[in-house]
Structures are given as structure tokens and as C-alpha cells.
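Heads up: the sequence lines are chains A and B, in that order.
Sequential numbering from 1 applies to the first sequence in the UniProt record's numbering.
Sequential numbering from 1 applies to the second sequence in the UniProt record's numbering.
A couple of the hints might just be wrong.
[To be verified] Just the calculated beta-carbon pair ranges, DEER-fashion: (1) A:A74 to B:L240: 23 to 31 angstroms; (2) B:H117 to A:A259: 55 to 63 angstroms; (3) B:L240 to A:D58: 21 to 29 angstroms; (4) A:R475 to B:A29: 40 to 48 angstroms; (5) B:T244 to A:A259: 31 to 39 angstroms; (6) A:P327 to B:T9: 32 to 40 angstroms.
Hints listed in this document are in silico derivations from the structure and should not be mistaken for laboratory results.
Just so we're clear, the structure is a prediction, and the values are computed from it rather than from any experiment.
Each residue gets a CB set at the ideal place from its N, CA and C atoms; glycine is no exception.
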Amino acid sequence: MSPEGERRRAALLRALWGRADPVSTLPPPEPGGPAQRPSFDEDGIRLPHGAAPVRAADDRLAEASLAHIGAHLAHGGGRFAVGRLRPAQVALVSLIEDARVEALALRERPGLRRLWLPFHDAEPGPRTAPALMARLARALLDPESDDPDGFVAKGRALFFADPAAWTDPALSRRIGDRLGNDLGQMRLPFSPRTWVVEPAYRDDHAGLWERPEAEAAARPQPSPGDAAATARAAGADAPPEPAGRVWRYPEWDHRIRCARPDWASVREEEPAPGTALAVPPDPRLGQALRRLRAHRAVRLRRQLDGDDLDLAAAIDAVARIRSGRPPDARLYARIRRDAPSRPVLLLIDASLSTADPAPGGGRLIDAARGIARALIGTLPRLHVPCAVMAFRSAGRHDVRARWIKRWSDTPEVAAGRLAGLEPGGSTRLGAALRHAGRALPPGPSLMLVVTDGEPSDIDIHDPAYLVADAREACRSLAGRGVTVLGLALTRTQPDALAQICTRARCIVVQNAGQLWRLVETLATADL
Amino acid sequence: MLSDYLIRTEPYYRPVGDEVSLFTAACAARLPMILKGPTGCGKTRFLEHMAWRLRRPLVTIACHEDMSAPDLVGRWLLDAGGTVWHDGPLTRAVRFGAICYLDEVVEARPDTLVAIHPLTDARRMLPLERSGEVVPAHPDFLLVVSYNPGYQALQKDLKESTKQRFGALAFTYPEPGAEAEIVAHEAGVDEGCATRLVRVGAASRALVAEGLAEGASTRMLIHAGRLIAGGIGFAPACTLAVATPLSDDPALRDALAAAIAAQVL
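So that you can see chain B by itself, here it is in the shape it has in the complex (with noise of 0.2 angstroms):
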């Protein structure tokens, strides 16, 4: 029913301490997680890595503010013969046994979100308030959300009564060599390049106490390193995915094109 969600190849994920077997753990606990951390740190890639070494399907929801509780569990539709029963996501996963993965939870209005509240405590059913079903768990399933805790959490945080029914892992950016490593694998370069790129994104980082909103993710640094392996220069490749993406502001931007130029070799 969600082969389509399987994961068939392995997503590459080079663990940065003991996430995997902690994550293993707690899904044989079928105890719901929230993955914490910035922007493109590798939350995502994690889980996508750990749905495919539990071989369990992973359904994503991108949380959004008009996202109303229906968009979840599903509505009822209409059709030639009359109304018909179509399921959400959230139940799909439910019923057929998924990871089932609300992305930047935050996002959504805490009103919608209490929707999740029974299955995360040891009732572990989906009621269907409008069809009137009740949708016990299916033993694989499990709910993960994740979240940025910076700045944009500003006055959006998990409720408290929904906040403690997870367990918790804190992402963070890898540290140099480590990320440089992952760098280097995804976008194809060569380790001296990569730990380059790694020393660009800290300098981003650091710009974060002059007023920058967030530092260079992975993410970004992998887009760059792509672009060099592609045959453009590292400095136009990090203007293009680091320094131009970030900033608008023109004091941060020459202060990140002054970190770039001093990585070019």
C-alpha cells in the first residue's frame, strides 16, 4: 500500500555521534521523536537514512500555517456516486504502518497539530472525528517531527502538552572534519576543497552574531562543492550558493565575499 514511500537505495548519512543506535532505540520503543537543529544540518538526510536501515516506508509532510487538521487525516471528498472517504497522509501511515515525518512542525498551528495527540500516548489509535472511525496504530508506526529552534521559532513553539509526549535528538553542524567529509562525498570534490568550503561556511557562522539570520548550512556548502566539481571557480561558486543566498545585507555580503577570497587558493 506505501511502496511507493520505500526508500530502495541507501541515503548516504555519515553519523556525527551515536544517533543511529539512540534513534533504533527508540523506535523499537515506539517512542515519537522531534529532530532539533538549523537549517540543512542533515535532519532530513537522517531520517531518510534510518528509514531505509528500518526498512519502513517514510511519509513527509511539509508543515505549513493554513495547514488545517484535515490536510492530515484526511476529508471527505466528492465523487459521480456521492461523498467518499479520502485518507490524509497521517492516516495513510497510520493504518498501513510508516514513519510518518512532519517537517518544520512548528510551522503548523498548534490547534491543528493536536490531532497527533493520541497517537503519541499509549492509546496509540487515530481517531477520525468526521468519518467516525477510530484507526488503531499499526506496530511500524512511527511519528517523527522536526524543527529549527532558531530565530523564526519565535513565538512558534511546540505546545507544552505536545512538546512532552517526544523524545529529542539535537542536530548540529558536524564538526569541520566531519562535514568536510560529507562535502567532499556528496558534492564530489576533493578533501582540500571541502575542508575550503567548511572554513567559508564557518565564517558565515560566525557572521551570525554581526546580524546574520542563519550561517551557511551542509546543505549550501554541498551545493557550492557541486558547482566546483561541475568546473566553475570556487569563488564564483560560493558567491552563487553561499554569500548571494544569504545576505542582502551589503556589509555581510563583503564580509562573506572577504572569507571566500581568502579560501581560493
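Excised from the complex, chain A in its bound form (with noise of 0.2 angstroms):
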């Protein structure tokens, strides 16, 4: 998985389109299966198994993609109905329908033939029918093509002799009809089982036509960060391996109204060793928090040295020298910075609930993610120190707390750890909270917590119980000068967590975009 190459798909879609579908790879294929081609439906945009490369110029094939399946997206007109078409004709109708949005987004994008071309690659060679599907498909995009070929060449007639019709997708079923009976007439066999669409950048048409009930049903689940949750969830049920070391938290039980010590034990996993990664800053993040702090700047002045002639000092000073008196040095003003930062350090849920989709698209421990990202590559820059950890649970013996990024290491070697971190486990936010605690230098600091809502533990049946938990631990922190402000994922104020850390302090921000709202509590709420 490459979170970067992510973004750079998602914002590429944007960019072309306006679009914000979620964009997903499918699940890999069997082996031996036909060539994977991508796939768009009401759920989002599914492109072929693997990650994205980082590099841009390594993914034109996905770049080409997104903008073809961007213009069924734009100009398409709903699903068509399969009704007594045989199986070459749906061939056919697809292949017009995809040659018709691509003639429509060339009319306001017209570098995206550029794109495109290049996958055309099919040659006057054998008339199969798979061949001649791929020579009409290259005919209707490329102006300079010559196919020889009759029914390619009645295909390019018929598709050009009225541009204006191009706005109706009625056109694809119509030619896409005649050609298809022509194709019938030639007893040119088309097995639907094993044709594949070329070229390879074109979706495999099944946002194309109404879905048979059966086949809607069962449709292949997209994201493959699922199955490694699945898979890990599954672990997390097994009993805890006695490793490394253990840390015992009190927990406090609110029926008892008293804390039952050495409840909790915290184990710290090893940071699984990912590699390298570059964090940009977020430009935004760095510059409201620099304001924030310029807010803060003292404009102190007679001073004897600094930025500025103190202006007011300056005449004083000629004054006491016209009159004879001696002047006074201090003739300068500078502006002083408000003192060094608070440490913060972010704690991540990664309980298996931030697998779910986040309500700006993309899942939950996605925008977990981007919004560490955006703080280890900004707070560092501004000189403030950082530390991110992750947690998650499965009942009282066996809390995980995993470093993403020490004190001391660096943003890079973060973000590598931090791609690697998957949803799994539960919430038992009570334990986490004291066991970053004791993580943060003494004297005033400022602990994050990003979270989806509400803590829950496999044997917790009082939804009360860890909240209450979980406030008591914020009150013991706050009595340490540390401030612990709630992040929620959600579209509004989950009330458990409103409870743990006070409404004040709990702040939605469902993806690293909506970092303003923590900078804006920061900057007005008495903390």
C-alpha cells in the first residue's frame, strides 16, 4: 500500500472530474484468471490489484483509468438495460458508450487523447472478433486512424456522422446494436467468458448495465486493508502471547465508584519496520499555527540591541542630547516569541471499528492517518516536539500500544510505521490514555486523541464503564498540566467522548483537511 500514491490518485480524480468517489484496488486475481480491468459502480472506482506507485509517471495506466471512467462518471446516462441483447452486442454497446463519453470529455479536455492513446495498440491483423473490437475502439479515439477494415470503418461512419448526437447515450445502444448484428453476420465467435476489454485502461463495463439480482448481492468487496483487518481481528481473539514487557493501570469502576488497582496491562508491540517515507508539511496546519504563535509575540522595547529602532526611544535620546544631557542606549525594540511549545503527543485508536468509512470517503483509520501525517511532518518543522502512538485491545489483559513515532525519531521513519498501521482489536481508551501519560516529560503538554466515538473491550458489557474509565484518567492527566483534546473521525460530537474529555475539548476533525478546528480550539478556548 502506498498512502501517497493514494492521495495522488484521489486528487487527480478530483482535478479532472471534481469528482470525490472513493478509489479502491480490487482484491488480487486468481491466478491464471483473464487480466484484471478496473471497475466503477454506485460504491466508488476499483482499479486493477496492487499499490500505487509513488511516482506519477509509474501509474499512467491507473491516470488513464480515472479519467476514462471520470467521463462515464460525467456523461454518462444511468445503467442500461441488458433486455434481449446478446452478448456481443452488450460487447459492442459498451464499446460505443466508451467511445462516446471519451469523444464528450475531449470536447473540454482535450489533452486526454494524449493519455489514452498510447494503449491503443491494436493493428489491421487476423478479424477475430476480439481484434476488431479493439481496432473500432482505436478508430473512434484516434483521428488519424486507416483501418482497412469494412466493419471497422462502418463503425467509425456511423459513430461520426453526427457529432451533436454524441450528448445521447441512446447513440451507443443504436450503433451498438447495428454492429453487433453485423459481427453475427460474419459467424465471428464472441465468448463472453473469456473476452477482456482493450484496451487496458477501459472499466470492465459493469456500471454500465443493470445488475441481475443475484450478482448484485454478492458483489466483490473492494479495499484489501479488509481482509488484513479480518485477519487480524482474528488474532486478536487468540490468547495474548506472554512477551516484552508488561505495564499495570488501574482501572476505575463507576458502580464501585472506586479504582480497582493493576487492572489493565499494557504491552508495547515493536513498531513493525516500515520503510522510509517523505511527510510533506501541511502548508495550512504550519501556517495557522505560526500565527497562532506570532499572536503571542511581546513587542519589547528600549532595548539595547534588536530588529528595530525603537522609534520613540530614538527621539528621546536626541531630545536629552539637544539639551545636553546624556542619551539613554537603549535605543532599539525587538519582538520576542512566546516560549518553546508543548510537547503533543497524538494517540491513535486502531480498534477494528476505524476500518469503517470515514464520512469524507476513504476508511476511518485512513483519515487517522493523514492527520498524523499532517502533524509529524508539520509540528517538527516548528520546533515543537512530537510523538504519535497507536493503540488497541482485547479485554483487560492484553492492551497494544505501538509507537509510530518516539520522541526522538524522525518524521520519515514515522510515516513509513504509520502506513503500516491496520484497524484491528477494540477501544480501551482508559489504559491508552495512562499509558501515554506516563510517555509525556513533566510540566505542561498537550495529548490527542483520535478516535471514531466511544471506547468498547471485548469483556465490557456497560458502555458507562470504560467511559467513566476514560474520564478519570483525563482528570488524573490534567492534574499532571497535561490537556487532553478529543479528535472524533465522526460528522458530529460523539457525546462518550464529549464526556471523557469535555465538550470544549472534543473536537470533530474528520480528516487532516479539517486540522483548523484543533488550531482554532487552541487559539480560543482557555487550555
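Work from the hints to combine the two standalone chains into their complex.
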């Protein structure tokens, strides 16, 4: 998985078509099966299996696919009914529809032809149905095509007869029907089972046709992360392996109004050795934080040295010289920035529920990772010490904490580990808060808890129990000068989190783009 | 006195609504105005155009964090004979009747802006604390401020007591047809090229949802257009004037590059 590549793909779809459909990848293909083609439907876009390359130059196929599917989404006219169409007709209607939406796309985005055309490599050769279709697809896109075949020429003539009619999807149906009949009369066999659409950037047409009911029910699930998450969740049910140091923490039982000593056990997982990744700073966040600090700037006047002349002092000095008295040498003014910022520890809830879709697309864990990346890319550059810890749990004996970034780790190493963070387990927030609190240096500090809502664990059935315990943990942290802010990945402020860290300190931050809300809270609230 | 500040040739401005008549009416009513809108969407150009149209001098002050009240109203200076009072730009505009334009007003500290309060209510006068003078506003004096209500105004907003003294016009990027017309006129490129530049602009504005701080301004598109008119290719011109300045984020830059490539003929 390359989050950088995934972000680029999403941004590409947005820049080309102004759309935010979720872009994921298909599960691995069966060995020996037909080549994978991209696919789209109401749930989003799925590209062939494989990690998104980091460099755009290595990802032209996906770029062409997204441009093509965007054209369907922008210019398509709803699903076609299959009715009594034969498979060859379905394929040809789809082919004409592909050409139609591409032709419309080229009206406003003429440069896309250069993106698509290199994938059209069909040349005149043996007359088989798939070969003729690939040649027709090329002839409809390539203005310099001079395919000598009669079938291809007829398709071309029908398609280009009336460019004004391109806006009507029924055109694809009409031309496809006729060409399908021609193909039938040529007695060229067409096997829909082995046929894959050519060229490779085009989608499998699943989004163009009405689905049979049974197939609609059993759609392939996207997101390769799901499989990993399920596997890990299964692993979390197994008894904890006794390895590494164990920290024990008390837990507050709200029914007996008393803390149970040494109740929860926390282990530190070794961070997966990820490859170092570049972390660009979030310029907006950096700017906002700098401003926040600039606001605390104090202008010191009448200094012995400084950046500016203190005009009032200078005038006084001259006045004193004129009146024959010795001048004061403190002629300068300078700006003092506020004392170094408080260290920030980001605590990420990596429980299984963060595999759920986020309000703004993608999974919640992806949003959490985005937030963490923005912070670790930005804070160290502002000389704010920053650490990131993720946690999950499977009962009170097995709370796992994983360092994504220790205080001394570089942002690049942290970003690599962050990319390997996948959801699993439950949310025993209180224990995690206490464990993270240990890692904070003495003195005022800030702890940010990124979560999708409420704490839960497999051995707890009273929903109020973990909330009350986490609130207790927050209180004792507050006593040590730690301000705990909850960052909720949800649409609205979750009640449980608001109870834990108080309503004023619970901020809805659905993704990194909304971190300004955090800055705003830091600026306005009395923390 | 302020003749240097008169605008003598008509600055190009393409109205996008009834802002010209509204501003003229506000001016006649001596109502201080706020111009709101994103970077480079034509606020300053509009005001230059209005100053030309109304034949008033235009005194522009770019506001910044460190600006103090004396920077606006004036201060005592030293010369060979002693101290002399030196009017600040605001005081000059008040005294001699100009449009005083505080650009990016939220950048100034709120306590500095309090200096404009007596000017913006029924009193219409400027008390100069340091020199003990009270300057009544010239009938032609008009105060106009601008700001960008985007992300950067996060903790900076006008004080409510300041805000409520003003009328306001909201600017935004012109709709595509009008923007293409503006780009074509200002950059000297043909309508087709301007339309494609505007589409690049639209793509960049869509990327705000993916984390871009701000989309390309009309001004940026004009810059790209000027490069094209000077013989640079469409893609390199857009890359230089739009994509590269807008973002350091590789994912967003790649997406912009694709949007630019899609507009190359």
C-alpha cells in the first residue's frame, strides 16, 4: 500500500473531474484467470490489484483509467437494460458508449487523447471478434486511424456521422445493436467468458449495465485492507502471547466509585519496520500554528539591541542630546516569541471500527493516518516536540500500544510505520491514556486522542464503564498538566468522547483538512 | 495634494453583477465598505476601477501584523529644527478626500484598527491623539477594507465593533465565461486558450477539497496567459504560473499536472 499514491489518485480524479468517488483496488486476481480491468459502480472506483506507485510517471494506466471512468460518471446516462441483447451486442454497445463519453470528454479536455491513445495498440491483423473490437475502439479515438476493415470503417462512419448526437446515450445503444448484428452475420465467434475489454485502461462495463439481482447481492468487496483487518481481528481473539514488558494500570469502576488497582495490562508492540517515507508539511496547518504563535508575540521596547529602532526612544535620545544631557543607549525594539510550545502526543485509536468508511470517503483509519501525517510533517518543523502512539485492545489483559513515532524518531521513519497501521481489536481508552501519559515529559503538554467515538472492549458490557474510566484517566492527566483533546473522526461530536474530555475539548476533525478546528480550539479555548 | 494618487487611465474591470452601481451608491452615502473574497479574484482591481470612475485619489495601505496606529495616522519625526508632525497615509486621505484602502485588513492587530472607529460612524473625524488635533473627514473621504475570509483568517476576524460599521460586497471567482473573457483581455490570448486556462483554474479549485490551500486565482491564470502570449507552451506556462506556486505536495502537483495536460491541444 502506498498512501502517497492513493492520495495522488484521489486528487487526480478530483482535478480532472471534480469528483470524490472512493478509489480502491480490487482483490488479487485468481492465478491464470483473465486480466483484471478497472471497475466502477455507485460504491466507487476499483482499479486492478496492486499498490499505487508513488511516482505519477509509473501510474499512467491508472491515470488513464480514472480519466476514462470520470468521463462515464460525467457523461453517462444511467445503466442500460440488457433485455434481449446478445453478449456481442452488449460488448459493442459498451464499446460505443466508451467512445461516446471519451469524445465528449475530449471537447473540454482535449489533452486526454494523448493520455489514452498510447494504450490503443490494435493493428490490422486476423479478423477475430475481440481484435475487430479493439481496432474499432482505436479507430473511434484516433483521428489518424485508417483501418482498412469494412466493419471498423462502418462503425467509424456511424459514430462520426453526427457529433451533435453524442450527448445522447441512446446513440451507443443504436450503433452497438447494428454493429452487433454485423458481427453476427460475419459468423465470428464471441465468447463473453474469456473476453476482456481492450485497451487495458477501460473499465469492465459493470457500471454500465443493469445488474442481475443475484450478482448485485454478491458484489466483490473492495479495499484490500479489509482482509488484513479481519485476519488481525481473528488473531486478537487468540490468547495473548506472553512477550515483552507489561505495564499494569488501575481502572476506575464507576459502580463502586473506586479504582481497581493493576487492572489493565498494557504491552508495547514492536513497531513494524516500515520503509521511511517522505512527509510533506501541511502548509495550511503550519501557517495556522505559526500565526497562533505570532499572536503571542510581545514587542519589547527600549532594548540595548534588537531588529528595529525604537522610534520613541530614538527621539527621546536626540531630545536629551539637544538639551545637553547624556542619551539613553537603549534605542532598539525587538519581538519576543512565546516560550517553546508544549510537546504534543498523538494517541491513535486503531481498533477494528476504524475500518469503517469515513464521512469524507476512505476508511476512518486512513483519515486518522492523514491527521497523524499532517502533524508529524508539520510540528517538528515548528520545533514542537511530537510523538505518536497507536493502541488497540482485546480485553483488560491485552491492551497493545505501538509507537509510531517516539519523541526522537524522524518524521520519515514515523510515516513509514504509520503506513503499516491497520485496524484491529477494541478501544480500551483509559488504559491507553494512562500508558501514553507515562511517556510525556513533566510540565505542561498536549495529548490528542484521535478516535471514531466511544471506547469499547470485548470483556465490557456496560457502555458507561469505559467512558467513566477514560474520564478518570483524563482527570488525573489534567492534574499533571496534560491537556487531553479528543479529535473525533465522526460527522458530529460523539457524546462518549465529549464526556471523556469535556465538550469544549472534543473537536470534530474528519480528516487532515479539518485540523484548523484544532488550531482554532487551541487559539480560542482557555486550555 | 494627493494628485499622485489619482488613477488617470481606466483600469480594466469586467463587472460580474451590479457591484459597480452598489459601490457607487455606498460611496454617495459615505458608507465604509468591506470587499471580501479569495486571493486574486479582482477586489483591488475593482477598487482601482471605482476610484478612476469616481475620480478620487486612492491611498492603499497593505496591513500587516506589526502595523501600529502611528503607521496609519502619523507620528512625530525629528528634523534639524526639532520635532515635526508627519501625517500617516490614513490622515492624508481623511484630510484631502481620498479613498483609503486597507488591504488584507485582518492582518492588522485589532487594537490598531480601533483608530478607524471615529471615522466610520456619524462623527466622520480622525482624532490625532499624539498631536492633539482632530481632523474632520473631507466629504470625498471613503474608507474601504478588504479581506480574504479563507483559512488564514482563522483566528483573525474583524472585531464585531469594527465589522458592524461597514457595508460589504462579496467577491468570488467570476463564472467561467466571464473569467475567460477577463483572462483573454488581460493576457492577450485568444478565447479558446483563455477557456482552457479557466478550466485549469477550475481543476485547481476543486483540489481544495483534497488539501490544496487555495485554488488558482484569476491573477494566476492571467500570468500563465501572458507567458503563453509571449510564446511559451501551454503546459510549461501553466506549470510555472499555476501548478508549481500553488503546492509543494507531490500528490496535488501531479494531479494539477494531469489537469493541465488534459487541456493541452
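Verification of the hints:
no., hint, in the structure
1, A:A74 to B:L240: 23 to 31 angstroms, "holds, 29 angstroms"
2, B:H117 to A:A259: 55 to 63 angstroms, "holds, 56 angstroms"
3, B:L240 to A:D58: 21 to 29 angstroms, "holds, 24 angstroms"
4, A:R475 to B:A29: 40 to 48 angstroms, "violated, 57 angstroms"
5, B:T244 to A:A259: 31 to 39 angstroms, "violated, 57 angstroms"
6, A:P327 to B:T9: 32 to 40 angstroms, "violated, 50 angstroms"
In terms of the numbered hints stated before, the structure departs from hints 4, 5 and 6, listed from lowest to highest.
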